[in-house]
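S.K.: Each chain, written out:
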Amino acid sequence: MSGQLRLRKDFSNNESSLTKVSDCSERPGSVCASLKAKNLSLHYGDFKAYDNVNIEIEPCKITALVGPSGCGKTSFLNSVNRLVDLIPGSKLRGELSFGNTDILSPSCDLIELRRKIGMVFQRPAPFPFSIKKNFHIPLKEHGISKSSVRDERMEQSLKDVGLWDEVKNRLKQSACNLSGGQQQRLCIARTLSLKPELLLMDEPCSALDPVSSEKIEQLILSLRDNYTVLMVTHNLAQAKRISDNLLVCWVKDGTGCLIETGKTSEIFFAPAEKLTKEYLQGVRG
Amino acid sequence: MSFRSENILKGLSFISALFFCGIFFLILSTLIYQSGALSFEFLTTVSSEAGRAGGILEVINSSFLILAICLGVSVPLSIATAVFLAVFSEKNPLVHNVISTALDTLAATPSIVFGLFGYSFFVIYLGFGFSILAGGLTLAFMVLPFLIRIFEEGISENYRQFKLAGASLGLSRTAQVRRIILPLSTNTISAGLVLGIGRALSETAALLFTSGYLLRMPESVMDSGRSMSVHIFDLAMNVPGGNQNAYRTAVVLVIALIVINLTSTFLTRRVLGAKT
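As given, the protein sequences belong to chains A and B, one line each in that order. Residues 1 to 285 (our numbering) are what the first sequence spells out, left to right. Residues 1 to 276 (our numbering) are what the second sequence spells out, left to right.
None of these hints come from the bench; they were simulated from the model. Hints are not guaranteed to be accurate.
One-sided and incomplete, this derived list gives chain B residues near chain A with beta-carbon spacing under 10 Å [to be verified]:
1. Phe162
2. Lys163
3. Ala167
4. Ile180
5. Thr188
6. Ala191
7. Pro240
Below, computed lysine-lysine pairings styled on DSS-like, alpha-carbon distance capped at 30 Å [stated by the list, open to error]:
8. B/Lys163 x A/Lys195
9. A/Lys116 x B/Lys91
10. A/Lys146 x A/Lys172
11. B/Lys91 x A/Lys168
By construction, the Cβ of each residue, glycine as well, lies at the ideal position given by its N, Cα and C atoms.
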C-alpha cells in the first residue's frame with residue numbers, strides 16, 4: 001500500500017517528527033511508544049472484518065481513522081486493546097505491538113494492556129454509581145489501595161479534562177446525573193486517571209451536541225502533547241481540524257482494508273488514491 | 001392509536017389492575033373472617049390439642065429454621081451459578097445450554113418430586129431422618145433453578161451493558177462482577193429473594209416427605225419440625241375442629257409474606273442508596 005509506505009517514510013525520515021518523540025519521552029509521566037501492525041487481520045467466525053493492515057501509529061500525535069460504515073474501523077480499535085476477545089469466534093492474525101508489548105501474544109497481560117491503552121466509546125459509559133466511585137473502582141483494581149491517592153488521581157484527571165470545577169461539589173452524586181458532554185469528559189478523565197500511554201477514541205463526539213463536541217475536540221487537542229491518540233470519526237471536518245495523521249479505510253470484496261495513510265494535511269490537499277479523493281469530496285462513502 | 005381507543009385501553013388496564021387488587025383483598029378478608037379473633041398470643045404460645053388450641057410458636061420456629069437453611073444454601077449457590085451462566089460461560093455455549101436445559105426442567109418439576117428425592121437422598125441415604133435439615137436442603141434444591149433464572153436475567157443485563165466499559169478500564173471479569181455487576185443487580189437479587197422466600201414458605205408437598213410434621217418445639221436442625229403450610233394442611237385435613245387455627249395460621253403466613261416483601265424493598269433501596 002502506497003499510503004502505508006508514505007507514513008513509514010514520514011516516521012523514519014522526518015526530523016521534526018523524531019524530535020517530537022524525543023521531546024515527548026522527556027515529559028514526566030508521558031510515555032510515547034508506537035503502535036505497529038503488520039499483516040493484521042480480524043475474523044469473526046467465517047467473516048473477515050478487515051485484512052492486511054500494515055501501519056505504524058506516530059507517538060504523541062492524533063491519528064484519525066476514517067472511512068465508510070462497515071470498513072472495520074471500530075473492529076481495528078477494539079483489536080488494539082484486545083476487546084475483540086470478548087466476542088466469541090473472533091480471531092486476530094498477524095502482528096500487533098505497542099512499544100515492547102506483543103499485543104497478540106497469548107501471555108500478554110490484558111489487564112495491564114488495557115490500562116496502558118485506554119478507550120473512550122461513542123456513547124458515554126459511566127457506571128451508574130457516584131462520580132467518585134467511577135474513579136475509585138478502576139484505580140483500586142489497579143492496585144492503588146490508598147483512598148487519598150485515588151482522590152488525588154481523580155482530582156488531577158478531572159482538572160485535565162476541565163470538569164473539576166463543575167463537579168467538585170457533587171462527587172458523591174450519581175455520574176448519570178451529568179449531561180452527555182460531561183459524562184463523556186468524565187469517561188475520558190476516568191481513563192486518564194489510569195495513566196494510559198495510548199488513547200483509543202471511537203467516535204467520541206458523535207452522540208453529543210455541537211457545544212459538547214467542541215469541548216471534547218479541544219480536550220483531545222490538549223491531550224496531544226502527552227498521549228498518542230487514535231480516533232475513529234465519521235466527521236471529516238473534525239478529522240481535518242484536529243488530527244495530525246489520517247488512516248483511510250475502505251471495504252473491498254466485503255472486507256475492510258486500509259487504502260491510504262499519511263499526514264492529514266497532505267491527504268486532504270492531495271490524496272494519492274482515487275477512492276480517497278472521492279470519499280473526501282463526498283462523492284463516495 | 002386514536003384518543004378514544006387509548007382511553008379504552010387505559011380503562012381496561014385500570015379495571016384489570018383493580019380486579020387483581022380485589023382478588024388479593026378477597027383472599028385476605030376471607031382468611032381473616034374465617035379465622036375469628038386473631039390475637040398476638042397466637043404467635044407467642046405453643047399449640048395444644050394437636051393444634052386445635054393454643055398458638056403456633058413451634059411452627060413459626062420450625063418454618064424459620066427451614067427457611068434459613070433453604071436460603072443459606074440456595075442463595076450463594078444460585079448467585080454463583082447465575083454469575084457463571086451470565087458472565088463466564090460466554091465462550092462455552094455447550095456448557096451453558098446443558099445447564100440451562102437442566103435448570104428449565106428442574107424449574108418445571110412438581111414439588112412432590114423434589115419431596116420424593118429429598119426423602120430418598122437426605123432422609124434415607126444421608127441418614128438425616130425426618131428433620132428440619134432435610135426439609136431445608138430439599139427446599140433449597142427446589143428453589144435453586146427458580147432463583148438462578150431470576151438472578152441470571154438481572155446479572156446478564158448489567159453485564160451486557162457494562163462489560164465493554166469495564167474491560168476497557170482493565171477490570172478483570174471477577175472485578176467487574178464484584179465491583180459493578182453484583183452491586184447493580186441488588187434489585188433483581190432482592191426481587192428473586194422475595195419470590196424464593198414466598199415459594200419456600202408456602203411449600204407443603206416437599207416438606208411432608210422430608211421435615212415431617214411433628215408438632216413440637218425443635219431443639220436442633222436434626223429434629224423433625226412442622227412448617228406453617230404443613231400445619232395449615234394438617235389442621236384442615238386431619239384434625240377435626242382445627243379449621244379456625246388453620247385460617248389463623250394462613251393469615252400469619254400471608255402477613256409474613258407482605259412484611260418480607262416490604263422489608264426487602266426497603267432494604268434494597270437503602271443498600272442501593274448506599275452503593276450509588
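S.K.: Given a cut of 10 Å on the nearest C-beta pair, is the interface hint for B/Ala167 held or broken against chain A?
M.R.: It holds, given that the least Cβ distance between B/Ala167 and chain A is near 6 Å, below 10 Å.
S.K.: What's the verdict on B/Lys91 and A/Lys168, does the C-alpha distance respect the 30 Å limit or exceed it?
M.R.: At roughly 42 Å apart (the allowed maximum being 30 Å), A/Lys168 and B/Lys91 break the hint.
S.K.: Measuring from the C-beta of B/Thr188 to each C-beta in chain A, is the shortest one below 10 Å?
M.R.: It is violated, given that the least Cβ distance between B/Thr188 and chain A is near 14 Å, above 10 Å.
S.K.: Classify the hint on B/Ala191 as holds or violated, based on whether any CB of chain A lies nearer than 10 Å to its CB.
M.R.: 18 Å, violated
S.K.: Between the alpha carbons of A/Lys116 and B/Lys91, is the straight-line distance 30 Å or under?
M.R.: Given pair A/Lys116, B/Lys91 holds - Cα atoms ~26 Å apart, limit 30 Å.
S.K.: A closest beta-carbon separation below 10 Å is what the hint needs, so does B/Phe162 meet it against chain A?
M.R.: Because about 6 Å separates B/Phe162 from the closest Cβ in chain A, which is inside the 10 Å limit, the hint holds.
S.K.: Hint check: A/Lys146 vs A/Lys172, CA-CA at most 30 Å. Holds or violated?
M.R.: Between A/Lys146 and A/Lys172 the Cα gap is close to 18 Å, so the pair holds against 30 Å.
S.K.: Would you check the hint for B/Lys163 and A/Lys195, treating anything up to 30 Å between C-alpha atoms as holding?
M.R.: Holds, because 21 Å separates the two Cα atoms, which is no more than 30 Å.
S.K.: Is the interface hint for B/Ile180 satisfied, with its Cβ closer than 10 Å to some Cβ of chain A?
M.R.: Holds: closest Cβ of chain A sits about 6 Å from B/Ile180, inside 10 Å.
S.K.: Hold the hint about B/Pro240 up to the distance rule: shortest CB distance to chain A must be less than 10 Å.
M.R.: 58 Å, violated
S.K.: With 10 Å as the cut and Cβ atoms as the points, is B/Lys163 at the interface with chain A?
M.R.: Hint on B/Lys163: holds, closest Cβ of chain A at ~6 Å, below 10 Å.
Violated hints, in rising order: 5, 6, 7, 11; the structure is consistent with all others.
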